[in-house]
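Top line first, the protein sequences correspond to chains G and P. Note that my numbering numbers the first sequence so that position 33 is 33, with each residue one more than the last. Note that my numbering numbers the second sequence so that position 38 is 38, with each residue one more than the last.
Think of the hints as simulated: they come from the structure by calculation, not from any bench. Among the hints, a few may not be true.
Unchecked claim - Straight-line Cα separation of at most 20 Å, SDA-like style, residue types lysine to any residue; simulated pairs:
no.	chain 1	residue 1	chain 2	residue 2
1	P	102	G	95
2	P	102	P	92
3	P	82	G	95
What the hints assert, rightly or not - Among the chain G residues that face chain P by a calculated CB cut under 8 Å, a handful are:
no.	residue
4	1
5	9
6	11
7	104
Remember, it's a predicted structure, so these values are computed and weren't measured experimentally. Ideal Cβ placement from N, Cα and C applies to all residues, glycine included.
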Amino acid sequence: MTVHIDVADWVAIVFGSASSLTVADLGAMRTDVAVAALSVTRATVAGSDLYPDDHMKAAALLSELLIRAPLSIDVFNREIAAVTTLMFLDQNGHAWRPSPTHLPYWISETCRGRLGVHSLAQAIADECVCP
Amino acid sequence: MILAIVAWQYSHATPIVWYRGIRRTVKTLEEMKANIMDMKNMTLRLPLEQAEALELVATVDGKPMSEEIREALMAHVDQRRKDPEFQDRLKRVMSENASALKRLTS
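Given only the sequences and the hints, what does the whole structure look like? Please build it.
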């Protein structure tokens with residue numbers, strides 16, 4: 001059963017002790033947008049999960065967080081979106097180790113609308129150490 | 001060249017900036033704090049049992065129900081922020097992917 005990231009987790013990631021972010025850095029933090037983006041992993045169609053596996057869910061989560069941008073400062077939004085996705089996969093037993101060159105490329109392409117959820121999910125799966 | 005003209009609004013002692021022909025009032029710290037405290041109205045639907053429990057707790061504490069909800073929400077977020085297991089996992093995930101994440105912010 002999938003363990004989801006809720007908005008309290010997301011706020012904890014944004015202001016977490018591992019983060020260098022402070023309130024002054026953030027600009028506007030739109031928690032309602034974050035709630036909408038985080039809910040994508042719970043999305044269902046006719047009683048079945050819209051995204052059937054954890055890689056698809058992670059890809060959809062990353063994509064929603066990047067496109068909806070709950071943090072107004074782009075560079076922080078990208079970092080927090082990546083960390084949130086890493087945490088989602090980690091708590092569901094998948095160790096995603098994105099290459100330092102691939103991750104910025106995928107994120108940039110997703111922001112430009114050139115990389116869909118299916119392609120992103122495949123890219124994540126390729127670099128995931130799964131149980 | 002960027003040209004900004006800064007003037008002082010005598011009546012309210014608030015600095016004003018004209019930048020690229022647009023007049024902007026610089027917010028004071030007090031104004032920024034007031035913005036953070038801005039409220040948003042919303043409707044909350046609760047099952048009858050939860051609503052009764054909320055009313056009981058609010059009566060016992062002598063607080064409005066809305067205040068009880070706000071405090072519960074903040075306690076929930078704060079608990080997660082202080083959860084050592086969550087924070088340890090966050091630190092581990094960030095350190096394991098430090099080089100990839102650094103590329104995002106550089």
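Evaluation of the provided hints:
1. 102/P with 95/G: Answer holds: residue 102/P to residue 95/G is near 18 Å, not above 20 Å.
2. 102/P with 92/P: Between residue 102/P and residue 92/P the Cα gap is close to 15 Å, so the pair holds against 20 Å.
3. 82/P with 95/G: 24 Å, violated
4. 1: Since chain P brings no Cβ nearer than about 18 Å to residue 1/G, farther than 8 Å, the hint is violated.
5. 9: Since chain P brings a Cβ to about 6 Å from residue 9/G, closer than 8 Å, the hint holds.
6. 11: 5 Å, holds
7. 104: 5 Å, holds
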